[in-house]
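**Q** Now for the letters of each chain:
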Amino acid sequence: MEIIHHHNLAMKTEEEKLPPLIQAIAAREIAGFDNANNLHLHDLKISILDANEEQKQVSISMPSSPIEVHVGSSTLYPMSDSAAKFHSQPIPNNNKLKYQRFDSFKTWSGKLERQISNLRGKPCEIHENDDIENLPLDRFFDALEGPELDTLRASEEIILPENEKWPFLLRFPISTFGICLGVSSQAIMWKALATSDSTKFLHVTPEINLALWLVAAALVAAVSAVYSLKVIFYFEAVRREYFHPVRVNFFFAPLVAVVFLAIGAPPPVAGKLHSAAWYALMAPILCLEVKIYGQWMSGGQRRLSKVANPSNHLAVVGNFAGAVLGAAMGLKEGPVFFFAVGLAHYVVLFVTLYQRLPTNETLPKELHPVFFLFVAAPSTAAVAWTEIRDSFDHGSRIAYFIALFLYFSLAVRVNFFRGFRFSLAWWAYTFPMTGAAVATMKYADAVPGAGTRLLAVTLCGVATVAVAALLVATVVHACVLKDLFPNDMAIAISGKRPKMTRKWRHRYRRRSSSSSSTTDSDYCQGN
Amino acid sequence: MEIIHHHNLAMKTEEEKLPPLIQAIAAREIAGFDNANNLHLHDLKISILDANEEQKQVSISMPSSPIEVHVGSSTLYPMSDSAAKFHSQPIPNNNKLKYQRFDSFKTWSGKLERQISNLRGKPCEIHENDDIENLPLDRFFDALEGPELDTLRASEEIILPENEKWPFLLRFPISTFGICLGVSSQAIMWKALATSDSTKFLHVTPEINLALWLVAAALVAAVSAVYSLKVIFYFEAVRREYFHPVRVNFFFAPLVAVVFLAIGAPPPVAGKLHSAAWYALMAPILCLEVKIYGQWMSGGQRRLSKVANPSNHLAVVGNFAGAVLGAAMGLKEGPVFFFAVGLAHYVVLFVTLYQRLPTNETLPKELHPVFFLFVAAPSTAAVAWTEIRDSFDHGSRIAYFIALFLYFSLAVRVNFFRGFRFSLAWWAYTFPMTGAAVATMKYADAVPGAGTRLLAVTLCGVATVAVAALLVATVVHACVLKDLFPNDMAIAISGKRPKMTRKWRHRYRRRSSSSSSTTDSDYCQGN
Amino acid sequence: MEIIHHHNLAMKTEEEKLPPLIQAIAAREIAGFDNANNLHLHDLKISILDANEEQKQVSISMPSSPIEVHVGSSTLYPMSDSAAKFHSQPIPNNNKLKYQRFDSFKTWSGKLERQISNLRGKPCEIHENDDIENLPLDRFFDALEGPELDTLRASEEIILPENEKWPFLLRFPISTFGICLGVSSQAIMWKALATSDSTKFLHVTPEINLALWLVAAALVAAVSAVYSLKVIFYFEAVRREYFHPVRVNFFFAPLVAVVFLAIGAPPPVAGKLHSAAWYALMAPILCLEVKIYGQWMSGGQRRLSKVANPSNHLAVVGNFAGAVLGAAMGLKEGPVFFFAVGLAHYVVLFVTLYQRLPTNETLPKELHPVFFLFVAAPSTAAVAWTEIRDSFDHGSRIAYFIALFLYFSLAVRVNFFRGFRFSLAWWAYTFPMTGAAVATMKYADAVPGAGTRLLAVTLCGVATVAVAALLVATVVHACVLKDLFPNDMAIAISGKRPKMTRKWRHRYRRRSSSSSSTTDSDYCQGN
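Protein chains in written order, with the numbering used here: chain V, 382 to 908; chain Z, 382 to 908; chain A, 382 to 908.
Bound conformation, chain V alone (with noise of 0.2 angstroms):
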């Protein structure tokens, strides 16, 4: 037991650099969910084959997590409270067995124990693991259905349990990121509006971007924090959510709040950007474009007629909110790079999505929120033609009208916020209207008149009403209702389909849903 003592007291000293919030997930990450069992270990591995064997436990001395982060409003996070009292709650001795399925998607624990065992001589078979290693991209298409490829069909099963609230870092998604992608682009809107010649009328004090900014960048540390702990130890879950086919855009999300921030920094701070902080920004979104393109071309599983989705307009407002900084902060060719590779695969992606091709099959057949991405890739292109060629010309007016256009053709279906259940995700769904509400004010700057003005603070105004509306929908799936995360479904699919009566069932279910190969599925089932 002295491996556990070593490792109590490295996180004892640790802990202590930790904000309370972080503490708190990560202790109870330590504590896992064997209190009832008084052990204070993370990755307690029993083997289930065995389960009628003496349970063997190991523990591994955890890493020293050199994660230091400062969050700015804790009253944000909600969950930590409840976190920090689930803590202490005592776990029922019965579902002991079902919490250790959570094993297969903790970081060391499956490897490890296996050595382990195997140094003892005694090798144990590991079944999750199979189901987890071998995900091919079908699998999610064909377990989820929704907008977001989150929630699981009727006929699937899961390889976490269903019924109970799993712990936290696992219901924690990348797309919680959407919150930092709205908040900082409020910060974007607000510095405009309080130095743009158009609304100079309105005379909006700074100091709301300021406070806006503030909030944003503890946001953003945050909830990297939170993922950085979720990347450290729950990795399984992170591959997945790589690999699932919607959630993988997402990844941009945390990069491109970055340059958000960047873009709404106070101009004292502005001021103060190196332009190799550019480089450094935008060079790990090349590198996740490279990769996610390099997918599409390649045409394997992943192709672009195959995974097409509106999320997927996450890495192009990359490349331009990329270049709009690189081009504010007086860089030449950097911008212009980002923004020929943002056209490039703009165009790619609005022609395919609009197509609306049969095989896109995560394409929601209804309008949705996630369609307002839409309109966030023109609009940060028109902002960003105009800070490359320092004037709205005749490019950045045709990008400009495009969003707009698009803008009023989603806002006028009105029944759109309708019937679908809230996500985290609909964060991300915020920053284009503010995006759109940006590009308006630089349009209203070129052509000054009461019209435009009008326009501007409009699209401000509704803008910020979105994300009121979000902030308090938030609130109270976080401190009414308790379900702001729940069980994320999208990650614990089987790698093994249903059997062969339900997946009969369930495949005729889908094809139907998709007009064009109907006909098939109908004509074979006749003979």
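Hints are computed from structural coordinates only; laboratory data are not their basis. Incorrect hints may have been included.
Repeated chains share a single entry, so a pair holds when one copy, or any two copies, can fit it.
To be verified - Once the Cα atoms are required to be at most 25 angstroms apart in a straight line, the calculated DMTMM-like pairs of lysine to aspartate or glutamate come out as:
#1 K581 - E714
#2 K672 - D519
#3 K672 - E538
#4 K713 - D826
#5 K713 - E545
#6 K713 - D774
Mind docking chains Z and A on chain V? Use the hints.
**A** Chains Z and A only, in chain V's frame:
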């Protein structure tokens, strides 16, 4: 019978205000086909199911139609005479039941009767209406064929009598507005010929423009008036045209024709146009676009990968033509807006049509005059960009040269006009030629020289010959063959699929036509 | 036997004018494989059906071929020696019947014999020709595999002897022109290296350009001459290459190679080019384009959604290269025309290839050198736009940066050149690298600096290394492995499908490879 009298009275006073042609058509509609019964009712409704019972006769008072139109040239409407003749022809009695089937398309027949029947306590089942109300998109593709989807497949049945001539309004399709497009674009061309620098040497008198413009204006007025009557009397038929995947695009035709009229207006008239007129004109185009493009994007049945066909270019041309008009009137922002919207959707459409996705069932296998619509958008875009930028710059050149390449690429496929049944829609395929001719004059203005002048004159000549040829064809079909307005199968398809054996045969045929899916059906049938 | 003598006589006088290599090949063709019979006839035709009868021998006088070419470097054609050797090798007698099967590909063998037979009153049935005449596109996809569609599937049979080496001309594919593209683009690069401001510091001597240009010109002449012989002697084989969905694009290669030669011509030569030469050069490119793009649009079997593959870029590059040449020669309108046509089709192609529609059967699942063709079009477009605008403006930058992104995106996938069978088509994949290097030099001229200069030099180095590596590979395959020109399966597929059992097995395999349609066939087979 008080209601009937009131109705006849109301019509009498209205009729005096209408020009003779419209009067004749309206009178015939009101008379219906019930002359044999000596009853002047237009919405006699006989429930076919209990035809053995006493027939229930219901009449409603028609709203006084507030249409006041001026038909400039009644010679273009040779149907007026025959329609008037028809009016006094007695209809054989044994056809009575058949003609009553038209009632299901009449505007006020169905609902009101049911209400009155219900008041009387006898609910009457109306079976045809089941056919009419739920008509999914797939039925159009299944039941019709041809590039304009207006030919009934052999296996299908229709809900209107196949062997009789239908009422005139039911045979009057929205694509008749194609004539307006053809003639009004000619007015534009002759205006350009008279005013353009490059064609000054031809000494074209502006009177030709004036004459063509008057004819075009009269045509627009006449066709609009007649189609308004269709809207009033046979709303169900209009509804079905609106849901028809090809026809719906022709709903842009009247709007675009008016824009063309405004562009081609003789200088004294054009000078008086107020910019408010432009906004008034473009508003309905914008609304219709939001509707149509929204359908593409929202991806129900009417997803682009399914409905894309060359007639979609009409909407795009509407944008560019609006931009031309606006820029010519001195507006700055509005024209760029429409240019941007047009450009975005043109790119999507161009790529989609060029790809010829296997799901694009409406695209004819062989080239067809409809493909000339490909030329319309880039040549109008070239003119629009020239007006916006006030010079024929590289942007204009790129659009113009694309149009030129497409034009020649289509023109060299000479076996074009063979083997296709003439239809009124062909008129819509002449205006792209005229558009290319106008763009060439703009180009010749920018690049003076014998070559460009020759090209401009040649293209003007080709366009004039094409319009003249169509005029002859139209007159021949109208006066000699008397089949200018054949029964419009496109609106009469049944909502129910034909019987099983037929369906299978038919399906097999349809599949074979799209080579990519042949193997599937082969495969399955092999079992 | 008078005809034969006359023929031999005619050839004698012709042969003296031809360079040795061409002579050797022509001589071998004339000799045919009938040395064993001691008959110097090239179109001996033995009707296989009545092989037991007396053999009919027919000869025709060959038209005097007006080809006069100068082979600058015969070392590049190691086949000449072996071909010459082969000439004198006796062919075993028992193979005679097999070799006679090549006759079905010979130009004058079939028809003439039939005519003569008919004159003699003995109609002879020729069964192979049924195979040859009707070869639908689907047969190519069904029977072949690989990114260049040149590998026979296991289940297929071919109509030429599989185990023997075929006549040289039958093994000489149109893709050999890829070598010309590779070498002539190197000539352009070294010209730019010698003349460009950004690479002045390297002090590259213009003699390298001159040497490479001479080699390239000689190569173009030699390959053209040999391929002309193929056209003359084996027209059926050329026809089949033309109908091959990938090969057809290589018919642009000789035209593009000549354009490259004109661009890369040493300054004294380049100065003498008359603008008429440009029109003469571009006319056939335009015609071929009208043909190919027309096939896409007309949507028969050769619809784009079916035949799209990276080699389609060759046509687009032809447009941009023509624009570069024309603009460099001082023309104004022509270059913009080709730029516009290229741009329009590039957008269509880029989107289509990126989407990887499930119907694009030719696209290899894994990345392959052929994907480097993606880089060619945007980098040539960047140079073309720079020449047209006379400055490296934002338009050029956008095209150039897209090329750069695609280049790096492909380059980081390092397991590229592994596991692929070398083929001559690879030469075509080096010219995009050279094109990117040339565009980078233009960029470095516009944006002077150590970084851009380094990039330019690096890309030039990479391109040179790639060409050198291919040269070594080509020499090794030619001299050591003696398999530079393997039997060309692509032209020898049978028009008939293999027997039922095989077909089913094969089909099942093919389906499985495209994931989207797997389920269908699974489903049906499950019954």
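**Q** Please go over all the hints and tell whether each is borne out by the structure.
**A** Evaluated hints:
Proximity of K581 and E714 under a CA criterion of 25 angstroms is satisfied inter-copy only: 22 angstroms between copies versus 32 angstroms inside one chain copy. In this homomeric assembly, K672 and D519 come within 25 angstroms of each other (Cα to Cα) only inside a single copy, at 19 angstroms, whereas the closest approach across copies is 34 angstroms. When the C-alpha separation of K672 and E538 is checked against a cutoff of 25 angstroms, the pair qualifies neither within a copy, at 31 angstroms, nor between copies, at 40 angstroms. Taking the shortest alpha-carbon separations for K713 and D826, both the intra-copy value of 23 angstroms and the inter-copy value of 15 angstroms come in at or below 25 angstroms.
Within a single copy, K713 and E545 get their C-alpha atoms no closer than 54 angstroms, and across copies no closer than 61 angstroms, so neither meets the 25 angstroms cut-off. Taking the shortest alpha-carbon separations for K713 and D774, both the intra-copy value of 17 angstroms and the inter-copy value of 12 angstroms come in at or below 25 angstroms.
Violation of the numbered hints given earlier is confined to hints 3, 5; the remaining hints are satisfied by the structure.
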